[in-house]
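So the protein lines, in turn, are chains A and B.
If you use our numbering, the first sequence corresponds to residues 1 to 700, in order.
If you use our numbering, the second sequence corresponds to residues 1 to 195, in order.
Worth double-checking, as some hints may not be accurate.
[Unchecked claim] If you want the footprint, here are the derived chain A segments under chain B, 3+ residues with CB under 8 Å:
hint, stretch
1, 25 to 36
2, 59 to 65
[To be verified] Which residues of chain A face chain B? A partial, calculated answer using Cβ under 10 Å:
hint, residue
3, Glu54
4, Phe56
5, Asp71
6, Asp77
7, Phe79
8, Asn181
9, Arg185
10, Arg187
11, Asp189
12, Pro191
13, Pro192
14, Thr193
15, Asp261
16, Val269
17, Gln272
Source of the hints: derived by calculation from the structure; they are not laboratory data.
Note that the structure is a prediction, hence the values are computed from the model and not measured.
Quick reminder that beta carbons are idealized off the backbone N, C-alpha and C, glycines included.
Each chain is listed here by its residues.
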Amino acid sequence: MIRYVSPTVLISQLVFAAGTTSAYEIETHRLVSEVAGPRSQADDVLKNHLGVNEGFAKVVQSFSLSFWMSDGAKREDNFLRLLNHFHNPLAVGWSQAGLLESIGQSSIMWGQNTGQGIPSWSWRDVRQRYFDALTKPQSPERESSLAKTFEGLGRQIHLIQDAASPAHVRNDPHLFYNYENLVDRVRVDDPPTFDGWLAGSPDVPGAPDPRWSSLDPNPLAIIAVARLIDSDRYSGGNPAVTMTGLIGLAEYTNANFFSEDRVFTENDVDPQKRFPFPNRASVVEQDFDIQVGGTTVKRRYFVKAADGATGYRLATVGLLREYHQRFGLDWTRFRESPALDEGVYRDYAARLIPRAVAYSSALIDYFFRGRIAASGEDTATIIGNISEEPINGTFTLYYDDANDVRRPVPGATWTLALAPGESAEQLRFTPPTSPAPKEAGRYMLVFRGALGSEPDAVIGRQVMISSTLIARLIKRKDATPLRGFDVRAIDVQTGQTLSAHITDDEGRARLDWNPGRTALFIPSVNQFPMYWAGGSTFVSGLEGAHAVQAAEVDAQGQVTVLTPIVSSDWPERIEPCTGQPMFQQIPNSTLPAQSSPVSEGVFLTIFLTYGVNLATFVRDDNGRETVLCGLTSPSCHDPAGSFIAEDVGRLGQVVGHLVRDVFSRHTAMLTDPDGRPIGDALCSNEYAEVETLPVSVVER
Amino acid sequence: MRRWAPALAIWCVMLTAVGAAAQSTELRERYLDRPRGPYRGKVIDAETRAPLVGAVVVAHWYRDRIGPFHSVMEHYAVREVLTDTDGVFVIDAKQIEQGAPKRTYHPEFLIFMPGYGSYPRFQKAPTGFIGGVFEGAGVVVELPRLQSPEERRKHLLRLNPMTPDPLTEVPELMKRIDEERVSIGLTPALPKGKP
Numbered sequence: 001m002i003r004y005v006s007p008t009v010l011i012s013q014l015v016f017a018a019g020t021t022s023a024y025e026i027e028t029h030r031l032v033s034e035v036a037g038p039r040s041q042a043d044d045v046l047k048n049h050l051g052v053n054e055g056f057a058k059v060v061q062s063f064s065l066s067f068w069m070s071d072g073a074k075r076e077d078n079f080l081r082l083l084n085h086f087h088n089p090l091a092v093g094w095s096q097a098g099l100l101e102s103i104g105q106s107s108i109m110w111g112q113n114t115g116q117g118i119p120s121w122s123w124r125d126v127r128q129r130y131f132d133a134l135t136k137p138q139s140p141e142r143e144s145s146l147a148k149t150f151e152g153l154g155r156q157i158h159l160i161q162d163a164a165s166p167a168h169v170r171n172d173p174h175l176f177y178n179y180e181n182l183v184d185r186v187r188v189d190d191p192p193t194f195d196g197w198l199a200g201s202p203d204v205p206g207a208p209d210p211r212w213s214s215l216d217p218n219p220l221a222i223i224a225v226a227r228l229i230d231s232d233r234y235s236g237g238n239p240a241v242t243m244t245g246l247i248g249l250a251e252y253t254n255a256n257f258f259s260e261d262r263v264f265t266e267n268d269v270d271p272q273k274r275f276p277f278p279n280r281a282s283v284v285e286q287d288f289d290i291q292v293g294g295t296t297v298k299r300r301y302f303v304k305a306a307d308g309a310t311g312y313r314l315a316t317v318g319l320l321r322e323y324h325q326r327f328g329l330d331w332t333r334f335r336e337s338p339a340l341d342e343g344v345y346r347d348y349a350a351r352l353i354p355r356a357v358a359y360s361s362a363l364i365d366y367f368f369r370g371r372i373a374a375s376g377e378d379t380a381t382i383i384g385n386i387s388e389e390p391i392n393g394t395f396t397l398y399y400d401d402a403n404d405v406r407r408p409v410p411g412a413t414w415t416l417a418l419a420p421g422e423s424a425e426q427l428r429f430t431p432p433t434s435p436a437p438k439e440a441g442r443y444m445l446v447f448r449g450a451l452g453s454e455p456d457a458v459i460g461r462q463v464m465i466s467s468t469l470i471a472r473l474i475k476r477k478d479a480t481p482l483r484g485f486d487v488r489a490i491d492v493q494t495g496q497t498l499s500a501h502i503t504d505d506e507g508r509a510r511l512d513w514n515p516g517r518t519a520l521f522i523p524s525v526n527q528f529p530m531y532w533a534g535g536s537t538f539v540s541g542l543e544g545a546h547a548v549q550a551a552e553v554d555a556q557g558q559v560t561v562l563t564p565i566v567s568s569d570w571p572e573r574i575e576p577c578t579g580q581p582m583f584q585q586i587p588n589s590t591l592p593a594q595s596s597p598v599s600e601g602v603f604l605t606i607f608l609t610y611g612v613n614l615a616t617f618v619r620d621d622n623g624r625e626t627v628l629c630g631l632t633s634p635s636c637h638d639p640a641g642s643f644i645a646e647d648v649g650r651l652g653q654v655v656g657h658l659v660r661d662v663f664s665r666h667t668a669m670l671t672d673p674d675g676r677p678i679g680d681a682l683c684s685n686e687y688a689e690v691e692t693l694p695v696s697v698v699e700r
Numbered sequence: 001m002r003r004w005a006p007a008l009a010i011w012c013v014m015l016t017a018v019g020a021a022a023q024s025t026e027l028r029e030r031y032l033d034r035p036r037g038p039y040r041g042k043v044i045d046a047e048t049r050a051p052l053v054g055a056v057v058v059a060h061w062y063r064d065r066i067g068p069f070h071s072v073m074e075h076y077a078v079r080e081v082l083t084d085t086d087g088v089f090v091i092d093a094k095q096i097e098q099g100a101p102k103r104t105y106h107p108e109f110l111i112f113m114p115g116y117g118s119y120p121r122f123q124k125a126p127t128g129f130i131g132g133v134f135e136g137a138g139v140v141v142e143l144p145r146l147q148s149p150e151e152r153r154k155h156l157l158r159l160n161p162m163t164p165d166p167l168t169e170v171p172e173l174m175k176r177i178d179e180e181r182v183s184i185g186l187t188p189a190l191p192k193g194k195p
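Bound-form chain B, shown alone (with noise of 0.2 Å):
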């Protein structure tokens, strides 16, 4: 144990600077720093310009977990809405972005209808730099129909539902992917009853 102890000591000292260096690195800006939302934004249909009324909205938090050995980036939370009549949605983030662990990323979003391109990567606009969009007033959202099957199928491969546990905490995500399946003449995912 004697031996050790030495080794130990410096551990502590090396891991104390980590954590002192991590405050001050360009990485930062990728964490949260305060509380940013309420997100808003609205949904149209692209090409009519109509609000896409119950797309869903998925906004999704990761933090980074740092370990004695290991740094992991993990699912720290999950909210979904949908759009109003309007196509207008609101996320509350407050009581998860001001309890959120340091380290705690800013949040990812997923929208998706049925039948249309999804946002973050399908839609017409906002286009390019996209980090922040929904903060303060938000964005409009446009959403693309897709044409054929083969389309819808392909997009349907890249909806990715990210929590670990999709049934229980994005049901309506579930839900309109389902739907979405079964449209394109698709088995549907979920069993029965479900979500």
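This is chain A alone, in the form it adopts within the complex (with noise of 0.2 Å):
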């Protein structure tokens, strides 16, 4: 419904209320500021949640962040922004809680409003300037969002510390002298007495008892920031609520605190002016001594002794109050005018002031209360909800590149429901390659979407989540896995190893990685080093290695590599008498005596001498010689031992020479069944020879 406000009556209420309205003077504000800040979790959540590793002393466009708080509790009075700065708690709707009822809207309402203007700093504003700091492209535009981001809490926080300023919540204009005045007065020229207000004491509450966030929340401002202010819980009858800390600010204050021109006004005949608390019941009268002129006077005061704060000057007893006592005079026809002076309004600062500052910071807290984690890898990443609310929404991962272009990983985005304290596992995305990042595994976890009552929420992290792929090493020629063998990840531009793992029985290795630069080495499947070139090639040196791209990776996190085994392969002649290989690799050998049946009780006896003298594998392409063996040595090498990774593109294929100088003896003769010569030896011969074998390679 629209009220009806005739023209005459709105000018007025527009001169008196708008005249001189002011709110605390913009440099108490930005104090009051710079003090909530940094008790705030915000320094902790910059360093150790985003990276931002200067905190608060992080400077953006020239000026910290600790600047830009409280340059925006400051600029939130300008021009005529400060006429919704004020809240009546017990006007009869939010909507109708603001200066006079029409002449600005609700400071909290004002705080929760999205149409505020050209720029707008409503809470669901500095959310998006939040989100734009966590995921804009360009630096410049991320560090400026993250300053107005600041300059925007600034001035969320200049609405509560205008809740604890009496004229702002007893819908009074307050024309000309007033606390707000006395305050930066003090703030001048007694910034020990000021300082104190601010540090507060152990007899004044500090922070607001921690459930306030979760009182209902009203659907005029759903955001339950508004609750810092108002509560709902001060109906106008119940001042003995506002000394507990589950209060809104505005309603403390309302319900203890005179403002310039709402004094003792629980029976106004102007419902805009009526409040009920403190009334006349709630004091006692006392003498103080105060300063005048450097002399020492005694005054009288109205001091707060029930109806919920208590201890302090609430007024001065006014200059007829005598008369007005000892006349009996009727006090609704006689005007006694207490006031607020100087010393009320320093009982008043001690009071307020800390509030202010607690307040605050507990707004602050609230905008950085979310917290999230990931870890792991991205074959399998965990992402958990650490914060004390349920969140629903979108995660999104973004990373930097080289450039400091802020990117989101490309499928990097999900949508999930957590619990307090619940995560989320097996999460899969591609670790981005193009562009590379300018740090692999470092992302920035943004998360936007419901965090307990609040519906756009959002929160940032920066996480470290390796990349992995998993190496499966298969045997090419029957497809058995490779078990137990050695397989390393290598950067190709440093040739640093990332990781190395030992193949397991299906012949997987998991091995951290980089995309797009990292290769496969293979040391010891074959008798000589390997890198994986792609497909079923492989090569000896890292240049021609292949870089393991994201697209190779399957579902499962696998790259299978199917690798040949391969070993040497040359002629051996037979020996006629014998029929066994003329000359074997074996360095000076008497083998034991072969017999096989050849009719009832008699059997062929073989004995078999096998001798090197030296034995050398010579490569065709570049006439490298590797000695394989001598007359002494306990047994030969393999030639294989000498082949590169390249030959194994070479089956079949001669790559070397095996030149040697070897003997051998070959002895046949019956026998009987308990090894007795029957008759001469068939045979005995002995050889001697040097020789030079083609050697190819064949694969095992």
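Now that you have both chains on their own, put them together as the hints suggest.
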């Protein structure tokens, strides 16, 4: 319903309401904000959650974030915005709680009004700026948005601070000399006293009861920070409730303090001026020594003694009070004019300024209350909600490329609903490669969605999520897993080993890697080291190695490498009498006799002796010689040990020659079952030769 | 229009009354009643008593601007000077204060030297009520040396250049804030080449 306001009334109200309407002076707001900011969790969030190492001291556009916040608190009073900085907690509804009901909007609704103008600094607008600070592509855009986030928070806490100014919660345009002027004068001329107010004292409760954010939202301003100003628990008849921590700052201030033009107005005929507390039953009279012109004199005050907060000067006793009492004047027709002097306002400030600081900190803490975490690896990412409230919304990973351009990671967006302490596991994404990240594995995880009762919250968290792939080695010839082999991930640009692992029973090795920059090194499946070159090809040097791409990783996070296992082969001649190889690569060995039956009770028994004086493998491509064994060697090396990875692609081809100086003795005879010779030996031949044999590559 | 005429008349009368009332309230103590400068002082190390040479002293004047529907406290003028070899400064505010509009406040002062706690919140002296201490003969300001980088970092967060355009109006202050930042390992605040 639109209320009718006559032009005369409206203009009169404007003049009185706004003629010199002001709030805490802007420098007072600045100092309250300067203290409230560092007391909040914001510095910790900046440093430990967002990777802003300098925290509040971080400079953006030549000024620290601390400056931007306090500057926002100053600027909120610019032009006519201050007309929206009032909230009467006893108004019929919040839509009538602004200055004189119709001059301005309730500060609570103003703080959540996305239509403030251009620019708008409502809670949601500040949230958007925070989101921009986390996600905008260009670094200057992000920094600018971060500065604006803190400016916006400064503007938001300005509204909180105004709720600790009596005139702002008692519908009082407060012309001229007032509480705020006095506070500012003390700020300038008596900094120790002012700093004492900022610091608070043990007998002045600081932070609001943490349950404030759990109170049911008011549909007119659903963001819970509204409850820092008005909890809707003070009804005008229960001032004691304002002494609990679970109370809005406007309610506390309204019920316990006067403003310049709202003194003992419990019976005022004008409902806009009528406030039930404090009232004349809330006070006792008491004399205080005060200084006037350097002289100590006594002044009588009304001291708050009941109905909520107690123990401070609420107002001076009017000069005509004594006459009033002596002659029994009708006080409804006789104004005794209690006043709010400097002593009164100092007592007010000692109680209100600490609350302005504490409630401001609470708002900042609420803004940064969301806590998320991520860990694991790209193939099995874990995202957790470590807030105290449930979250339901979208998580997106961003990364910075080498030019500091922030980009969303393709495919790394998940919509999740997580209870406090709950996490989602086995999330997968493909690490970005084009353009490559500035730092592999470093991401900004950004949440946007419902956080508790807040519908469009934003949370940021810098996280490290290692990129892993599973290198699976399969024997090419029969597809059996190659178990127990060393596999390493090598950075193709630096040659640095990123990780190494032994294949499991399935031939799998989990490796940290950097997509597009990582080669696989397989040092021991064959007798020579190999870098994978893609497919079933391999190379011996890193320069020819294949940089594994993210697209090559399958749905299980695996890259399968079909790995040929190779050995050497060369022709051996057969000795005609024994039917055994004429020579073998066995240094100086007499083999055990071999017997096979030829008829009943008769066996053919063969005696073999082999020897190598010197065996050498010579590669054809480069002439490199490798001694395989000599006369006293315990064994001979396989020429395959001199193969190189490229030889894997030369199956069946001759890659070198075996040059050897060998000898052998071959003896065959018939023997009985006890091994005794039957007759003369069938043959007894000795051989000695220097021969050259072609060595080819074969796959096992 | 005829309907609004009485309201406008009332409005004009009230505005006149508002202005008259402002002249007679205690608030005037906050405003300059006449030029009060020049402002003088001497800045020394609170421990060694040695003069601090090159400390920056900023004087800043606010004014209340009264509009048709509101009043705002806003920046009026600012001056910065450096202390000389004796640690002495003089701010000649004659031009500013003689030309100051009504409802111009007494100036506020900031004194800063890298490595030291600044005035008006961290000095050893003067303490207590400090309104007007730089008028007339001035006063000796004793700045304490800050001990730890963390103490200096916290102190930096409380330093505020006050003016809307610090880079232009208080370049020496901004330069010293930058020196302080760098000396405790923070990144410089100013773009290269500035101020």
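Here's how the hints hold up against the structure:
1. 25 to 36: It holds, with 5 qualifying residues against the three required.
2. 59 to 65: holds (count 4)
3. Glu54: Holds, because the Cβ-Cβ distance from Glu54 of chain A to chain B comes to roughly 6 Å (cut-off 10 Å).
4. Phe56: With Cβ-Cβ at 6 Å, under 10 Å, it holds.
5. Asp71: This interface hint holds because 8 Å falls under the 10 Å limit.
6. Asp77: holds (6 Å)
7. Phe79: holds (7 Å)
8. Asn181: holds (6 Å)
9. Arg185: holds (6 Å)
10. Arg187: Cβ of Arg187 of chain A sits 9 Å from chain B, so the hint holds.
11. Asp189: holds (3 Å)
12. Pro191: Hint on Pro191 of chain A: holds, closest Cβ of chain B at ~5 Å, below 10 Å.
13. Pro192: Hint on Pro192 of chain A: holds, closest Cβ of chain B at ~6 Å, below 10 Å.
14. Thr193: holds (9 Å)
15. Asp261: violated (13 Å)
16. Val269: With a minimum Cβ separation of about 21 Å from chain B (threshold 10 Å), the hint on Val269 of chain A is violated.
17. Gln272: Cβ of Gln272 of chain A sits 18 Å from chain B, so the hint is violated.
Of the hints listed earlier, those the structure fails to meet are numbers 15, 16 and 17, in rising order.
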